[in-house]
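Engineer: These protein sequence lines are chains H and B, in that order. For the first sequence, the numbering used here begins at 15 and goes up steadily by one. For the second sequence, the numbering used here begins at 15 and goes up steadily by one.
Hints are not guaranteed to be accurate.
A pair counts as met if it fits within one copy or between any two copies, since identical chains are not told apart.
Okay, derived cross-link-like pairs now, DSBU-like style, lysine-lysine, Cα gap no bigger than 30 Å in a straight line [claimed, not checked]: (1) LYS423 x LYS242; (2) LYS451 x LYS516; (3) LYS189 x LYS18; (4) LYS516 x LYS312.
In case anyone wonders, no lab produced these hints; they're calculated from the structure.
There are 2 protein chains.
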Amino acid sequence: MEFKNIDSCTSFTQLMSQEPCNVKKELTKNRIQAYCIAEGGGLSYNYAAMPVDEAILKTLQELSDEQQLIEKYVALLNGEIINTGEKRLVLHQLTRGQILSTVFADGEDKGEFYKTQLDNIKTFSEEVRSGKIKGSTGKTFKTVVQIGIGGSDLGPRALYLALKGSQDSSQLAAKFISNVDPDDAANVLEGLDFESTLFILVSKSGTTLETLTNRDLVIEAIKTSGIKGINPAKHMVAVTSKTSPLASSESVLKAFFIDDYIGGRYSSTSAVGGVLLSLAFGYETFSQLLSGAHEADKLALGMDITQNAALMDALIGVYLRNVCLLPTTAILPYSQALNRFPAHLQQLDMESNGKHVNRRGEAVAYATGPVIFGESGTNGQHSFYQLLHQGTDTVPLQFIGFSESQQDKDIVVEGSTSQEKLNANLVAQIVAFARGKEDTNPNKQFEGNRYSSVITGKQLDAKALGALLAHFENKVMFQGFLWNLNSFDQEGVQLGKVLAKKVLEGCKDDTILKAYADIL
Amino acid sequence: MEFKNIDSCTSFTQLMSQEPCNVKKELTKNRIQAYCIAEGGGLSYNYAAMPVDEAILKTLQELSDEQQLIEKYVALLNGEIINTGEKRLVLHQLTRGQILSTVFADGEDKGEFYKTQLDNIKTFSEEVRSGKIKGSTGKTFKTVVQIGIGGSDLGPRALYLALKGSQDSSQLAAKFISNVDPDDAANVLEGLDFESTLFILVSKSGTTLETLTNRDLVIEAIKTSGIKGINPAKHMVAVTSKTSPLASSESVLKAFFIDDYIGGRYSSTSAVGGVLLSLAFGYETFSQLLSGAHEADKLALGMDITQNAALMDALIGVYLRNVCLLPTTAILPYSQALNRFPAHLQQLDMESNGKHVNRRGEAVAYATGPVIFGESGTNGQHSFYQLLHQGTDTVPLQFIGFSESQQDKDIVVEGSTSQEKLNANLVAQIVAFARGKEDTNPNKQFEGNRYSSVITGKQLDAKALGALLAHFENKVMFQGFLWNLNSFDQEGVQLGKVLAKKVLEGCKDDTILKAYADIL
Numbered sequence: 015m016e017f018k019n020i021d022s023c024t025s026f027t028q029l030m031s032q033e034p035c036n037v038k039k040e041l042t043k044n045r046i047q048a049y050c051i052a053e054g055g056g057l058s059y060n061y062a063a064m065p066v067d068e069a070i071l072k073t074l075q076e077l078s079d080e081q082q083l084i085e086k087y088v089a090l091l092n093g094e095i096i097n098t099g100e101k102r103l104v105l106h107q108l109t110r111g112q113i114l115s116t117v118f119a120d121g122e123d124k125g126e127f128y129k130t131q132l133d134n135i136k137t138f139s140e141e142v143r144s145g146k147i148k149g150s151t152g153k154t155f156k157t158v159v160q161i162g163i164g165g166s167d168l169g170p171r172a173l174y175l176a177l178k179g180s181q182d183s184s185q186l187a188a189k190f191i192s193n194v195d196p197d198d199a200a201n202v203l204e205g206l207d208f209e210s211t212l213f214i215l216v217s218k219s220g221t222t223l224e225t226l227t228n229r230d231l232v233i234e235a236i237k238t239s240g241i242k243g244i245n246p247a248k249h250m251v252a253v254t255s256k257t258s259p260l261a262s263s264e265s266v267l268k269a270f271f272i273d274d275y276i277g278g279r280y281s282s283t284s285a286v287g288g289v290l291l292s293l294a295f296g297y298e299t300f301s302q303l304l305s306g307a308h309e310a311d312k313l314a315l316g317m318d319i320t321q322n323a324a325l326m327d328a329l330i331g332v333y334l335r336n337v338c339l340l341p342t343t344a345i346l347p348y349s350q351a352l353n354r355f356p357a358h359l360q361q362l363d364m365e366s367n368g369k370h371v372n373r374r375g376e377a378v379a380y381a382t383g384p385v386i387f388g389e390s391g392t393n394g395q396h397s398f399y400q401l402l403h404q405g406t407d408t409v410p411l412q413f414i415g416f417s418e419s420q421q422d423k424d425i426v427v428e429g430s431t432s433q434e435k436l437n438a439n440l441v442a443q444i445v446a447f448a449r450g451k452e453d454t455n456p457n458k459q460f461e462g463n464r465y466s467s468v469i470t471g472k473q474l475d476a477k478a479l480g481a482l483l484a485h486f487e488n489k490v491m492f493q494g495f496l497w498n499l500n501s502f503d504q505e506g507v508q509l510g511k512v513l514a515k516k517v518l519e520g521c522k523d524d525t526i527l528k529a530y531a532d533i534l
Numbered sequence: 015m016e017f018k019n020i021d022s023c024t025s026f027t028q029l030m031s032q033e034p035c036n037v038k039k040e041l042t043k044n045r046i047q048a049y050c051i052a053e054g055g056g057l058s059y060n061y062a063a064m065p066v067d068e069a070i071l072k073t074l075q076e077l078s079d080e081q082q083l084i085e086k087y088v089a090l091l092n093g094e095i096i097n098t099g100e101k102r103l104v105l106h107q108l109t110r111g112q113i114l115s116t117v118f119a120d121g122e123d124k125g126e127f128y129k130t131q132l133d134n135i136k137t138f139s140e141e142v143r144s145g146k147i148k149g150s151t152g153k154t155f156k157t158v159v160q161i162g163i164g165g166s167d168l169g170p171r172a173l174y175l176a177l178k179g180s181q182d183s184s185q186l187a188a189k190f191i192s193n194v195d196p197d198d199a200a201n202v203l204e205g206l207d208f209e210s211t212l213f214i215l216v217s218k219s220g221t222t223l224e225t226l227t228n229r230d231l232v233i234e235a236i237k238t239s240g241i242k243g244i245n246p247a248k249h250m251v252a253v254t255s256k257t258s259p260l261a262s263s264e265s266v267l268k269a270f271f272i273d274d275y276i277g278g279r280y281s282s283t284s285a286v287g288g289v290l291l292s293l294a295f296g297y298e299t300f301s302q303l304l305s306g307a308h309e310a311d312k313l314a315l316g317m318d319i320t321q322n323a324a325l326m327d328a329l330i331g332v333y334l335r336n337v338c339l340l341p342t343t344a345i346l347p348y349s350q351a352l353n354r355f356p357a358h359l360q361q362l363d364m365e366s367n368g369k370h371v372n373r374r375g376e377a378v379a380y381a382t383g384p385v386i387f388g389e390s391g392t393n394g395q396h397s398f399y400q401l402l403h404q405g406t407d408t409v410p411l412q413f414i415g416f417s418e419s420q421q422d423k424d425i426v427v428e429g430s431t432s433q434e435k436l437n438a439n440l441v442a443q444i445v446a447f448a449r450g451k452e453d454t455n456p457n458k459q460f461e462g463n464r465y466s467s468v469i470t471g472k473q474l475d476a477k478a479l480g481a482l483l484a485h486f487e488n489k490v491m492f493q494g495f496l497w498n499l500n501s502f503d504q505e506g507v508q509l510g511k512v513l514a515k516k517v518l519e520g521c522k523d524d525t526i527l528k529a530y531a532d533i534l
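One chain only, chain H, in its complex shape (with noise of 0.2 Å):
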């Protein structure tokens, strides 16, 4: 197995030579139905309206083959240590089930140690639901309150969203301190009932600033409430590294664990997103998406393309990017409740892939990670989608999509249902990217042939969501081998945080602008 740059590649090189097909043109029903791939979790990812035909499909095979996406993705699951900058495995996929063989680190069968911290999970929930576990002064729990930021954040806050309206009513509800702005907290603590509340202190180090601050912030607040009796231990559990402070703190009522070899935008399937769903929606519903990300997780391991979804999306992705010359993609979920999904995949995309040295730490002479945004639909049609369609340049778009809605309230007006109005329109801005419109008027011109995929399933439920979010974190993983980075570290933030202490020792009063001149 040999990990080298995309430009080494002879089919990149034949691959930067093809010119892109006319989407305008060639968008057929026949190419609907056959540019379409089974992902988990009941999904389809559809391409038709990507600009590549059976040339270029067969170059992009050849370029999965000859970067061995596969292999190294075989190799990963297997416990290499494939994130070599921190020296250390990649093991997220494992927290949603083992797929090949048992991979052992620090000691321990680390298959076995997600299990455990699973198990745990479904005990804790079920006692915290069911009541036998109550707050310091009696009160059943009614309230979760995640504490943490980056991966300890997006991803947790984006499922809850996500799933949050598929539920019953009976539910615990789940809110989030992320920020280290001081309103974050004030404005989530403002009318909260202590008493019945349970904070989730999330840091996989255990020495976030943010958190560790909000958590003293959490506990002033309910020291100073006033609530006889009431002990803050009593209401925070951890999710940490066995190693972290926090781990051996007797400030929190229980602790469960991560290791290094989970990602914090990796995290969403271990303890970091598990503890929270499952208090917010019962450890089922957790189960229930791990399972549909292990589905997707197995389905990457295909070495065709035209079987398996995301590493397609990952090959038409370097493609866009490479060829096209495109810098960034957008995220248009045709559901409400994925409303925070891009801001996730924005994190996952943009902070694996966002370097410009390959994995010897030597610069690269091509684009790699695209700039990630978006919104959901039809909201961003009355919002940005006029440069989409109109601007001066061309915008990928990946489309998302549910025939039914999460939930039964629905009503018929003008001779359809909202939820048919929703995918008409999700329908409507496809073609309309794709074949445009002729018009005398050039204001009402477009041009079409603006690119786009879809990801369409039933409904959203826990398991399609679990395949949905695996579909991105192995497109993004597979992109990551295609450029020869390491997409498992994040560098890139830690200049900030030193030199954000020196600011703070130097000019801690000041006003933003003095600190600004100061520091210099």
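For chain H, the structure is supplied; the task is to place chain B on it using the hints.
Structural biologist: Below, chain B alone, put in the same frame as chain H:
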């Protein structure tokens, strides 16, 4: 006054030959003090870390003069038909107060028209807030729900969230229904006390599909709630144009008016934002917001670019886009309250200037509006900043920060408050992006020379927020003039609407993929 393409300006040709200044080398204390412009509402715009020097600034001043940016703004304020595509005046600044001559249209003084709406908003909101106007079953209104999409949603929502924390807790709560996805309305309506809820229907045309559908869905929910004697019409007001079907409707308690001269994305300071914000926080807060915006509007008249923050921001943006060829811009507010402000600016900018034909309908040969995205800091630092620091592309950054938090709920942890930590991070990021860091480990090497500006203020209050909003509106307006675009229409959203109707007729009950294939 002449409208011409930017590439026909001699100053633009000159600009194209001017190399960007190296921010890594040039960022100094002196520059931070010198490259700073007072904006309305007590704000400052600082562009010390932008790649411009005295020579480039001189050319940008010439470009501003040659493109007659201030003359065009004056013409707009004086009521000329600036939205030529739709043959309309552009009067959103007038909603904040008259600056130059009185504007007459449709047989009336438009300043008086907006003033009358404000008076109506003041009276109505005071009567609702005092309990004089009650719900149909006699309960005082405690919650308002805005039903609108695009400009009727994003701006008002961003402003509401921005000010919510600064208000005392006796205020009315606001919620929002925008998406045609029925799960959006279902989530908002769940647990809502209809008897104390007032819905605000916002649609200029009175025909917006999503808004009318959601209105009907809400009426149905009220009717089937089983509440005795409740009358939906007494729980709804409309914000619409005088000629719309909603205006004459007897199904609302009261109608407030806007007109064709206020584009959706520019309507936050009209009744579209005013009714909601005045009901939620009281008219005085909304009035303060208007005064901040009015201050910024007046400052935007300055001919000297070094004294006109919005103008300078616009010109630097064009330099970044057309000379440095940078296709995206990130909006990074270090304020959790501004969490949804980037989503509003995304619409404002991308819908206004995401166009490839000029005011005469001719295709332009230069890049226009960039892709806009962003999240609040410090959250973004733990997410996509990796790419911003070490990715292969440069993304210009617009930071926003305030010396003080909104709520005084802050504590000292490890020697500093949360607000101090927040702002130390902001300053550290600007410096880290500009200066980078040498390291023998290439993974830990930061090249620096990544560009940013920062808008700062003392505290995010209503006046500062109004100025911040107007700053970006005016920036976008000036950029539209620079690129010779009509920034005030949005033809790019029409085709999708037409096609959606066609899809609805043809394949209502099908899965998404079947509908997709069938429509071709």
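Engineer: List, from low to high, the hint numbers that the structure doesn't satisfy.
Structural biologist: 3 and 4
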